[in-house]
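Visitor: Start from the sequences and build out the full structure, keeping to the hints where you can.
The listed protein sequences derive, respectively, from chains A and B. Going by the working numbering, 177 is the number at position 177 of the first sequence; the sequence numbering is gapless. Going by the working numbering, 3 is the number at position 3 of the second sequence; the sequence numbering is gapless.
Treat the hints with care, as some may be off.
Not everything, but these chain A residues come out facing chain B in the computed CB check (under 7 Å) [to be verified]:
1. 9
2. 10
3. 13
4. 23
5. 287
6. 302
7. 303
8. 304
9. 305
10. 307
11. 390
12. 391
13. 392
Residues of chain A placed beyond 12 Å of chain B at every Cβ, according to the derived structure [what the hints assert, rightly or not]:
14. 3
15. 67
16. 80
17. 92
18. 156
19. 160
20. 192
21. 293
22. 298
23. 299
24. 300
25. 308
26. 313
27. 327
Per label pair, the in silico range of CB-to-CB distance [as the list claims (entries may be wrong)]:
28. B/142 x A/291: 36 to 46 Å
29. A/388 x B/202: 43 to 53 Å
30. B/76 x A/354: 42 to 52 Å
31. B/121 x A/291: 30 to 40 Å
32. B/202 x A/373: 45 to 55 Å
Just so you know, these hints were derived from the structure itself, not from any lab. Ideal Cβ placement from N, Cα and C applies to all residues, glycine included.
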Amino acid sequence: MQLVQLARRNITGNAFRSWVVALCACLVAGLALGTTLILRGADSSLRLANQRLGADIVVVPEGAVEKVEGALLMGHTTRVWMASQNLDKVVGVPGVQAASPQIYLSTLLNASCCSVPNMFLVAYDPATDFTLEPWLKNTIGQGLKLGEVVGGAFVFTPEGEQNIQIYGYLVTLKANLEPTGTGIDQSMFMTLETARDIARVSVTMAVAPLEIPDDGISAVMVQLDPGADPQATAVEIMHRVPGVTPIVSSNLFQAYRKQLGSLRAGIGATLGLTLGLSVLLIGLVFSMAANERRRELGVLRAMGASRAFVFRTLLVEAGMLALAGAFTGITLTILVVYLFRTLIVVTLGLPFLMPALSTLAAEVLAGLGVALVVITLAALFPAVRISRLDPAVAMRE
Amino acid sequence: MIAFDNVAKIYPVTKDMRVTAVHGVNLEISAGEFVVVTGRSGSGKTTLLNLAAGLTQPTSGRVLLDGQDLWQMSDRQRSVLRAQKVGFVFQFPSLLPSLTVLENVTLPAIFQPNGARADAGQHARELLEQVGLAPKAGVYPRQLSAGQQQRVVIARALFNQPQVLLADEPTSDLDEQTEHEIMELFAQIHAQTRLTVVLVTHTTQLVSYGTRAVRMAEGQILTAADT
Chain A
1 MQLVQLARRN
11 ITGNAFRSWV
21 VALCACLVAG
31 LALGTTLILR
41 GADSSLRLAN
51 QRLGADIVVV
61 PEGAVEKVEG
71 ALLMGHTTRV
81 WMASQNLDKV
91 VGVPGVQAAS
101 PQIYLSTLLN
111 ASCCSVPNMF
121 LVAYDPATDF
131 TLEPWLKNTI
141 GQGLKLGEVV
151 GGAFVFTPEG
161 EQNIQIYGYL
171 VTLKANLEPT
181 GTGIDQSMFM
191 TLETARDIAR
201 VSVTMAVAPL
211 EIPDDGISAV
221 MVQLDPGADP
231 QATAVEIMHR
241 VPGVTPIVSS
251 NLFQAYRKQL
261 GSLRAGIGAT
271 LGLTLGLSVL
281 LIGLVFSMAA
291 NERRRELGVL
301 RAMGASRAFV
311 FRTLLVEAGM
321 LALAGAFTGI
331 TLTILVVYLF
341 RTLIVVTLGL
351 PFLMPALSTL
361 AAEVLAGLGV
371 ALVVITLAAL
381 FPAVRISRLD
391 PAVAMRE
Chain B
1 MIAFDNVAKI
11 YPVTKDMRVT
21 AVHGVNLEIS
31 AGEFVVVTGR
41 SGSGKTTLLN
51 LAAGLTQPTS
61 GRVLLDGQDL
71 WQMSDRQRSV
81 LRAQKVGFVF
91 QFPSLLPSLT
101 VLENVTLPAI
111 FQPNGARADA
121 GQHARELLEQ
131 VGLAPKAGVY
141 PRQLSAGQQQ
151 RVVIARALFN
161 QPQVLLADEP
171 TSDLDEQTEH
181 EIMELFAQIH
191 AQTRLTVVLV
201 THTTQLVSYG
211 TRAVRMAEGQ
221 ILTAADT
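Guide: Pasting the structure below:
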C-alpha cells in the first residue's frame, strides 16, 4: 500500500465529504474556465474583427455608427447611405494614403429567391480595395469576377446546388474567410459590379428588387500614410467632409468594448466571491473531516507515520479530489460553452470565438491549477493543525 | 529496553488549569519482559504507554527506548524508531474502515524508511493465521466482531516485527471469554517471540499473564513486582 492508494481509499471511504469537496472543485474550475472562455472569446473576436476590417479609419454616415458596428460585429443587416462624392473628399484629406468605398446590403427575409435569408452583404470596389483584395490574391490567386463571392466562415452553398441564389441571381462561392466569431462569419463579400448586376436582375427575378442608389455608398475604408496620426486625420475628415463620422480603428466597437468591460467586472466579482466562499466551505469541510479523523490519524502516528506523512496524506487527498472535481467541471464547461455558443452570443450580445486547441489546452491547465490551488489552500490550515497535534491528544476523545 | 527517568507529564486543560497525569516516574523495563501495568481510571497508565512510544512529550524527565532518548530526536527519527521497533494495540477500534483486514495488517509497511518488504502480503497472511483470522483477510473491519478486530490489530502491531509491543487496555470492550482468548494470544506471542510487552489494564486479574506487575495510582508507580 502506498500513500496515494491510502488517500484514494480514504476518499472512497468518506463519500459525503469527498462529494462536497469535488463539487466545489468542479464549480471553481468550471466557473473559472467558463468565464475565461467567454471573456477571452469575446475579446479575441473584437480583435479579429478589427484586424479583418484592415482599415485605419472607417468613415460612415453621421448617426450610423452603431448600425455599422452592429452589422460588422454581430451580422445585423443594415442599409445606410451617404453620397459617393464623400469618397473623393476623404481621399483629399492629408495623411490618407488610400480610401475605398463599401456598400452594405442584405438578402431578403424568407423569400424563395434568396437561398440565404437576411444575410449581411458587403460590396467593395476591387480597384481601390486594400482590405479583401490582398487576401483574395493570396488565397485564390486573383480577385473576384462578376458573379463571384467570398463568404464568412459559416457561409455555404446549399446542399446539392452549385450556386447561392440572391434576389434570384446565382453567385458562386469562391472561398471562405477564417472564423472570427463575429457577424463577418455570416456575411458575404462581392464586388460593386456584382452587386449592381444583382440589383439589375432582381427587378424581374426577385420578390422585391435590390435597390442601390446610383451615387450612394455605405462606408469608406481609409488607409493612412505611414506615420500619420489617426486621431488628427479623423478630426480633419470631420472638418472637411460634412455629414460623416470617421471612426478610428482603435475606437471601433467601443459600445461592445464597454459592455465587455462591465461583463468582465461583474464576472470577476462573482468569480472572486465564488473562490472565496469555496475556500471557506472546503476549509470547513476539511476541518470537520480532520477532527473526525483525529483518532485515525493518531493511530497512524502511533504506527510510525511522521507529521510530514500525515500532512502529505491530507494534502494528497485534497489534491486528488481537486483534480477529479476540476476535471469534471472543465469537461462539462467546455461541452456547455461549445454546445451553447450561439445562445451565449445572443444572451450577452457580444461576439464569441472558441479558442484554438493550444489556447484551450492552456486554459484547461489553468483551470485545473486554480482548483488545485484553491483546494490546497483550503486544506492547508486543517492539515497543518492536525499534523502538529500531539498523537496522544489526537487519540483521546 | 524502555527506561523512564524521573518522568512527569502535565497537561494544560485551560489557561490557568493543569492536570498532572504522571509524575516522578522511574521505571526500567528490560528486553523480553511482559509487564502488566494496572491501576484505576485516571491513574496515568495510558499516559505512561504514550510516553514509552514517544507519542507525547514528557513535561520533565527522560524516556529512553532501546537506549535512545526519544525527545533528543527529530519527529522523523522518532517516527522511524516507532515504525521499526514499536507495535501498538489500542483500547478503541483502530482499524481503518476503508481498508480490508489484509490491507490493515500490511499498513505499517508504508512507514518503513526502506519501503515495504517484498513478501508483505504473505507475511500478513501468516500473522492472520497466527491470530486465527486467515479466512477473514478480504473482509472489511465492520464485518468483524470486536474480539476479531482486536486480533487483527495485534497482527498489525506485529507486522514490522517490533521489539516492543505496547497494549492499552486491549480487552476493555470485550466479554470475559474473548478477554481470556486475547490475553492468551498475548502470552503466546510473548512466549514465541520473547519481545518486550507492556500491557495496561484496569483488571488486576490479568497480571497473571505477565512476568512483572506494575501498579499505578495518581500518576505514580506504587509497586513493581515479579509475578
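Visitor: So, for every hint listed, does it hold in this structure?
Guide: Evaluated hints:
1. 9: holds (4 Å)
2. 10: Since chain B brings a Cβ to about 6 Å from residue 10 of chain A, closer than 7 Å, the hint holds.
3. 13: Holds. Min distance 3 Å.
4. 23: Where the cut-off is 7 Å and the nearest Cβ of chain B is about 20 Å from residue 23 of chain A, the hint is violated.
5. 287: Nearest chain B Cβ about 20 Å off; hint violated.
6. 302: Since the shortest Cβ distance to chain B is 4 Å, the answer is holds.
7. 303: holds (5 Å)
8. 304: holds (3 Å)
9. 305: For residue 305 of chain A, the interface hint holds, since the closest Cβ of chain B sits about 5 Å away, which is under 7 Å.
10. 307: holds (5 Å)
11. 390: holds (5 Å)
12. 391: holds (4 Å)
13. 392: holds (4 Å)
14. 3: violated (7 Å)
15. 67: holds (65 Å)
16. 80: holds (70 Å)
17. 92: The claim stands: residue 92 of chain A keeps its Cβ more than 12 Å from every Cβ of chain B (closest is about 83 Å).
18. 156: Holds: least Cβ distance 56 Å, greater than 12 Å.
19. 160: holds (62 Å)
20. 192: holds (76 Å)
21. 293: violated (10 Å)
22. 298: Contrary to the label, residue 298 of chain A does not stay out of reach of chain B, its closest Cβ about 8 Å off (not over 12 Å).
23. 299: Given that some Cβ of chain B is not farther than 12 Å from that of residue 299 of chain A, nearest at about 5 Å, it is violated.
24. 300: violated (8 Å)
25. 308: Not fine: 7 Å to the nearest Cβ puts residue 308 of chain A too close to chain B.
26. 313: violated (10 Å)
27. 327: holds (22 Å)
28. B/142 x A/291: 36 to 46 Å: Cβ of residue 142 of chain B to Cβ of residue 291 of chain A: about 21 Å, so the range 36 to 46 Å is violated.
29. A/388 x B/202: 43 to 53 Å: violated (31 Å)
30. B/76 x A/354: 42 to 52 Å: 50 Å Cβ-Cβ, so the 42 to 52 Å window holds.
31. B/121 x A/291: 30 to 40 Å: With Cβ atoms ~34 Å apart, the hint holds.
32. B/202 x A/373: 45 to 55 Å: holds (50 Å)
Violated hints, listed in ascending order, are 4, 5, 14, 21, 22, 23, 24, 25, 26, 28, 29; each of the other numbered hints is respected by the structure.
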